[in-house]
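Engineer: Line order of the protein sequences matches chains E and P.
Note that the first sequence covers residues 1 to 273 in the numbering used here.
Note that the second sequence covers residues 1001 to 1201 in the numbering used here.
Please note that the accuracy of each hint is not assured.
As the list claims (entries may be wrong) - Not everything, but these chain P residues come out facing chain E in the computed CB check (under 10 Å):
id: 1; residue: N1016
id: 2; residue: I1028
id: 3; residue: D1035
id: 4; residue: D1036
id: 5; residue: V1037
id: 6; residue: G1038
id: 7; residue: A1041
id: 8; residue: R1044
id: 9; residue: K1046
id: 10; residue: D1052
id: 11; residue: V1056
id: 12; residue: M1061
id: 13; residue: R1074
id: 14; residue: K1090
id: 15; residue: V1094
id: 16; residue: L1096
Everything labelled a hint here was simulated from the structure, so no lab data went into it.
As the structure is a prediction and not an experimental result, all values here were calculated from the model.
Don't be surprised by glycine CBs; every beta carbon is placed ideally from N, CA and C.
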Amino acid sequence: MGKVIVITSGKGGVGKTVTTANIGASLALEGKKVVVIDADIGLRNLDLVMGLENRIVFDIVDVIEKKCRSYRQALIRDKRFKSLFLLPSSQSREKDSVSPNQMVDLCDTLREHFDFVLIDCPAGIEQGFKNAIIGSDESIIVTNPEVSSVRDADRVIGLLEAEEKSEHWLLVNRMNDGLVKRKKMLSVEDITEVLGIDVIGIVPEDENVLFSTNKGIPLVLEKNSLAGVSYRNIARKLIDPNCTQEIEIRDDGFWAKLKRLFLGDRSFGYKAR
Amino acid sequence: MDIKPGEQTDQEDNNNMIDDIVEFFTRIFKKTESDDVGLQAKERLKLVLISDRATVSPHIMQSLKEELIEVISRYMTIDTDSIQMNLERKGKAVALAANIPVVSMKRSNKKKKGGNGVSGEKKIRDNSEVKEKKETPDISGDVIEKSKDQENEKEELAQQNSSLKKTTPTRLKRKPARRRRTRPAAGRRPSRKRSRLRDDL
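Start from the sequences, fold in the hints, and give me the full structure.
Structural biologist: This is the structure in structure tokens:
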């Protein structure tokens, strides 16, 4: 039996879709069988971020309305990974074409065949949000270090708890340590103090996120991306909450190698948290 | 020297220049609180979340009101229908303002009875202290009970005083929230708010 994890935030544009794609890819790299579901019906995007937009035949609404033989027919396998599948959203339908009960059934079916089912939740707290969270076991709340997304995260936590979904983690996306040091930005400690939930990981602001989505290649396949490494560490933590073995970036430039030669093998790179 | 009014002397000119220089340097080196934008953000967030959480679930306010009535009416007769209670934002703080009309005072002091009975105060406290009590050996359980009663007395007295003035502005203190995982009733904003309110009662 797998876990169903919903990635949500309340506010739009904080990085839910990129997070879903990259955590999904990281879990697949760790050898887990993963399906990522785009629950944003009407605004399909996860396929584009993952670079699978040309391969869609059936979508989530077709599965629910049984227009295809089984859910397997709608799944798109990401060939760059051994065991990563996408269930795309419908672009032409509306959010109310799926009912909460149908969503629960779908989650229950997928749970039996996959280790992890990741749901990319739409922004907002309306029907689409309710559909996305209803079948989940756990949730990851994505927030940015700025006031409006933290406020929305608090509202979402309240709604999740009202639905008796109390297993949740916070993921702080687009962290800029330099700005925090200059006291110009909310720190992770500030955010956890205000929201009062546990943090599963912090993803630094990284221009590679934009580059990789432009190319349609998951960030975690890029070797020297800070954000990519953070996502991989978060995935490890999802598999084993006590995992302490973290991936680090090693600077393999000439000067870094020279320094290592004289000063011993120390990590000069950024230690992803 | 002939000086027309409005014209500056060299002396004044120098003074102005020195002022400018001093101001320039203070601007560069002085670290005021307003420079800490992160802190400002945090404080603003905290305030807005208090009122957000209160307005989102009116039943919390309702149960707070009911329990307050229970405690206060042990000491005085109050007009329960015309009680007004809400969170007000005053500059940098959020206050719980309650307007409780007193009809008459009760003469007898029923503090002890109230303390031992199932008071509103106790109901809330019980939640947090059951665990503590179980862990401590039986003998010290009594001590805890006593000190709890004393605490109750104090708080009740404070309540009495403030409600005499008819308004009870209580600063809503926010506990760095650690959410407890209790099963919330359907549709209710759960434990974390309760624990916060517990502090204030």
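Engineer: Confirm or reject each hint.
Structural biologist: Here's how the hints hold up against the structure:
1. Among the interface hints, the one on N1016/P is violated; its C-beta lies about 33 Å from the nearest C-beta in chain E, farther than the 10 Å criterion.
2. Given the 10 Å rule on beta carbons, the hint for I1028/P is violated: about 15 Å separates it from the nearest Cβ of chain E.
3. Here the hint on D1035/P is kept, as its CB sits about 7 Å from the closest CB of chain E, short of 10 Å.
4. With a least beta-carbon distance of about 4 Å to chain E, the hint placing D1036/P at the interface is held under the 10 Å criterion.
5. Below 10 Å, beta-carbon pairs count as interface contacts, and V1037/P has one with chain E at about 5 Å; its hint therefore holds.
6. For G1038/P, the interface hint holds, since its Cβ comes within 10 Å of a Cβ in chain E; the closest pair sits about 5 Å apart.
7. For A1041/P, the interface hint holds, since its Cβ comes within 10 Å of a Cβ in chain E; the closest pair sits about 5 Å apart.
8. Annotation: R1044/P was flagged as interfacial toward chain E, and the flag holds, the nearest CB pair being 6 Å apart, inside 10 Å.
9. With its C-beta approaching chain E no nearer than about 6 Å, K1046/P sits inside the 10 Å limit, and its interface hint holds.
10. Taking 10 Å as the C-beta cut-off, the interface hint given for D1052/P holds, the closest approach to chain E being about 7 Å.
11. Interface restraint check: V1056/P against chain E, minimum CB-CB distance 6 Å, threshold 10 Å, status holds.
12. Interface hint at M1061/P: violated, since its Cβ lies 15 Å from the closest Cβ of chain E, which is beyond the 10 Å cut-off.
13. Among the interface hints, the one on R1074/P is violated; its C-beta lies about 33 Å from the nearest C-beta in chain E, farther than the 10 Å criterion.
14. Among the interface hints, the one on K1090/P is violated; its C-beta lies about 20 Å from the nearest C-beta in chain E, farther than the 10 Å criterion.
15. For V1094/P, the shortest C-beta to C-beta distance to chain E is roughly 14 Å, which exceeds 10 Å, and the interface hint is violated.
16. Below 10 Å, beta-carbon pairs count as interface contacts, and L1096/P has none with chain E, the closest being about 20 Å; its hint is therefore violated.
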